[in-house]
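Undergrad: Listed here are the chains, written in short residue letters.
2 protein chains.
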Amino acid sequence: MRILMIGAGGVGDAAAKIAVERDFYDVFVVADYDIERARRTVASVQARQPGENRFHAVTVDASDENAVAAAIRLTGATHVLNAVDPRFVMPIFNGCRAAGANYLDMAMSLSLPHKDAPYDKAGVKLGDEQFAQASDWEGAGRLALVGIGVEPGLSDVFARYAADHLFSSIDELGTRDGANLAYFRPDGTEGFAPGFSMWTIIEECLNPPVVWEKSRVVGGNVETGFFTLPPFSEPEVFDFPEGIGPVECVHVEHEEVLLMPRWLDAERVTFKYGLGEQMISILKALHTLGLDSKDPVTIKGIQVAPRDIVAAVLPDPATIGPQLTGKTCAGVMVTGTGVDGQPRSTYLYHVADNEVTMRDYDAQCVVWQTAFNPIVALELLATGAWAGAGVRGPEAFDAAPFLELLAAPKPEGYGIEWGIEER
Amino acid sequence: MRILMIGAGGVGDAAAKIAVERDFYDVFVVADYDIERARRTVASVQARQPGENRFHAVTVDASDENAVAAAIRLTGATHVLNAVDPRFVMPIFNGCRAAGANYLDMAMSLSLPHKDAPYDKAGVKLGDEQFAQASDWEGAGRLALVGIGVEPGLSDVFARYAADHLFSSIDELGTRDGANLAYFRPDGTEGFAPGFSMWTIIEECLNPPVVWEKSRVVGGNVETGFFTLPPFSEPEVFDFPEGIGPVECVHVEHEEVLLMPRWLDAERVTFKYGLGEQMISILKALHTLGLDSKDPVTIKGIQVAPRDIVAAVLPDPATIGPQLTGKTCAGVMVTGTGVDGQPRSTYLYHVADNEVTMRDYDAQCVVWQTAFNPIVALELLATGAWAGAGVRGPEAFDAAPFLELLAAPKPEGYGIEWGIEER
Chain A
1 MRILMIGAGG VGDAAAKIAV ERDFYDVFVV ADYDIERARR TVASVQARQP GENRFHAVTV
61 DASDENAVAA AIRLTGATHV LNAVDPRFVM PIFNGCRAAG ANYLDMAMSL SLPHKDAPYD
121 KAGVKLGDEQ FAQASDWEGA GRLALVGIGV EPGLSDVFAR YAADHLFSSI DELGTRDGAN
181 LAYFRPDGTE GFAPGFSMWT IIEECLNPPV VWEKSRVVGG NVETGFFTLP PFSEPEVFDF
241 PEGIGPVECV HVEHEEVLLM PRWLDAERVT FKYGLGEQMI SILKALHTLG LDSKDPVTIK
301 GIQVAPRDIV AAVLPDPATI GPQLTGKTCA GVMVTGTGVD GQPRSTYLYH VADNEVTMRD
361 YDAQCVVWQT AFNPIVALEL LATGAWAGAG VRGPEAFDAA PFLELLAAPK PEGYGIEWGI
421 EER
Chain B
1 MRILMIGAGG VGDAAAKIAV ERDFYDVFVV ADYDIERARR TVASVQARQP GENRFHAVTV
61 DASDENAVAA AIRLTGATHV LNAVDPRFVM PIFNGCRAAG ANYLDMAMSL SLPHKDAPYD
121 KAGVKLGDEQ FAQASDWEGA GRLALVGIGV EPGLSDVFAR YAADHLFSSI DELGTRDGAN
181 LAYFRPDGTE GFAPGFSMWT IIEECLNPPV VWEKSRVVGG NVETGFFTLP PFSEPEVFDF
241 PEGIGPVECV HVEHEEVLLM PRWLDAERVT FKYGLGEQMI SILKALHTLG LDSKDPVTIK
301 GIQVAPRDIV AAVLPDPATI GPQLTGKTCA GVMVTGTGVD GQPRSTYLYH VADNEVTMRD
361 YDAQCVVWQT AFNPIVALEL LATGAWAGAG VRGPEAFDAA PFLELLAAPK PEGYGIEWGI
421 EER
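Residue numbers (full-length UniProt numbering), protein chains in the order written: chain A, 1 to 423; chain B, 1 to 423.
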């Protein structure tokens, strides 16, 4: 296996540090728009594993599918890991298809709200552009494994595991994400610094959130499908494990809702994120001002998108690790009927503690928690434990080998524990 | 009198439309960084007064004091009206001094917070840089009439009038500004569009607000001077006249507080602005994100200040008039002892109704309400009713001729009524 990872930001850098401990691949090329960033990642993995010679840095423009295809041909990559913002999904996806590489990402192609009823009906959905090409990928015998970060990703693996091993029927697959992270500036005062790209946070939180329902009564008829809501809908206090505690969560547009119903049977699929009061009021302000816009404005003859400025003024999520404290939790709350026929409510989750991820990987917890999943998936593809073609989500594959490899102690496994809580 | 007005934004454009009806000057040159904007203003006044030939458009870079001085020499300007953002105060002020022109502005040189106690002690105050040069101006026999918009400006005139004619002693000179304006997008939905420059709103609302106190007890001692507070301090519901009604007002850094105590005797001088809940939460969000910053950041090799982006994405205050509804009120609440020896509380105010200002001047009410004051002041200087040299605020001059000229019916006066309310 020859891996080309595009993006040496927070997640890409952490993925390289996790991958360097594994021996399932021959070459791991780190590509970035900024060659210095790619080199920094390569240097840091080489410092962790003296003598390591599988890592190389190249430059690539992720917005140009021809440049992506050229980089694949140059490196002989068999698998491309997309570790950049979701706006680059389609050029990387298309570049892979053109050059015949397999593809993995951690977020899917972007949505467009419904023209007439944006907060009721789904328009172009997350991943629609990718799934439209599913038969091409299948025909070519190539795999696009989409949404294999932590959420989507590990959450989808948990959902598949619950469906296969814990439940006989499922009412709701409800991804719930929350944290108790705090950021302190170098001078010791508390500041504002999201754990992942503000560009992506704006995208997913201000788009109409989507839910899947098997039996929604619409005007006297029962309909099955995807429906949307206004941003920040249906706030719910969810109690997160391992000391994080209760956090108010609201509906957010997320890939799990689009992926799980394709392979798993449930009455309802939802995603709620523990945004907190401050983040919600910041997002509302950005929207009111139009600073969430991706369309460039002209300032003194210079074209710049307001959202790019917002992302640029915040601390880089890749470098805030030393200033963070706390834990972040990703998981799926599954409700329904257990295999014993009794009502069951089970939360399957993973908690990352920033203190531990900084100590062991020099990576902040949110990016680290995202980064290990595609590496585990690549290892399962390398060994043949996972195999397939087409455009597929993580829940299209057997969850057991993933969770076993994840939890098995090093050096056989990754030594990463996950939890189950009955409620 | 030969007038050079620098800035053909909202206020400048309205000032030209008000000035074109008056005959006290010989030439009125409209200068802007963007020559097209200056030409648009000149064309609009010529359309209002066929045959009008006193107006001319030139280009000038307000950030360059040499360019300002050159424009004064080119046009033979005797009086320069600064109608641009307060960040350009010093280059225009210095350019006038160098070229020997008299100077008027509607906002003063910028403040810098106190290094150690920003929310308690005043650092560099609004206007400090200008007042530092007062003796030079006085020696040269030239006048810098600072803060002669509506607030500061008309508010300072009201305060002087109250001190001279209504009160024997004053407890508080409290400028209070509030509105019931609403902005509707072309599609009819309500949007967010401040009535004046968002750059300036951020500057004045996020800087530590300043108050003046004659007798403040500090650590057992009585001190006289300027003190600061945290932004949005001491919220107070103030009932505005003419149907605007109660609006929550908070302390804001403003020139009145720095000007009035120099010429008027009061126990306390304050400024409170009816920001409203939405504006406060937006300003807090901008500050949390660092989007209030004037320091450029680099985006893909381009340098741009976040605050410039915020201002650029909002509707231009100069052009929102047709989409606005409502009224705005500027005034001073004076409390103390009346000339009859009885306790007195009097609000002196001016209300501008957007419907009327659009109809009569094709100008939205906030910029129009700012714009008429420097024109009235210029007329008083032309006739000799106001005369003097040095750096002086509006309250350094007799208020009566100003208020008489303002309220007298056209064509003798400006036909602009102001109000007094006993409380």
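Some hints could be false.
Said to hold, decoys possible - Here are the computed lysine-lysine pairs in the DSSO-like style, where the Cα-Cα straight-line distance is at most 30 Å:
1. A:K121 - A:K294
2. A:K294 - B:K300
3. A:K284 - B:K300
No lab work stands behind these hints: they were computed from the structure. Just so we're clear, the structure is a prediction, and the values are computed from it rather than from any experiment.
Undergrad: Against each hint, give a clear statement of whether it holds in the structure.
TA: Cross-check of the supplied hints:
no., hint, result
1, A:K121 - A:K294, "holds (23 Å)"
2, A:K294 - B:K300, "holds (15 Å)"
3, A:K284 - B:K300, "holds (27 Å)"
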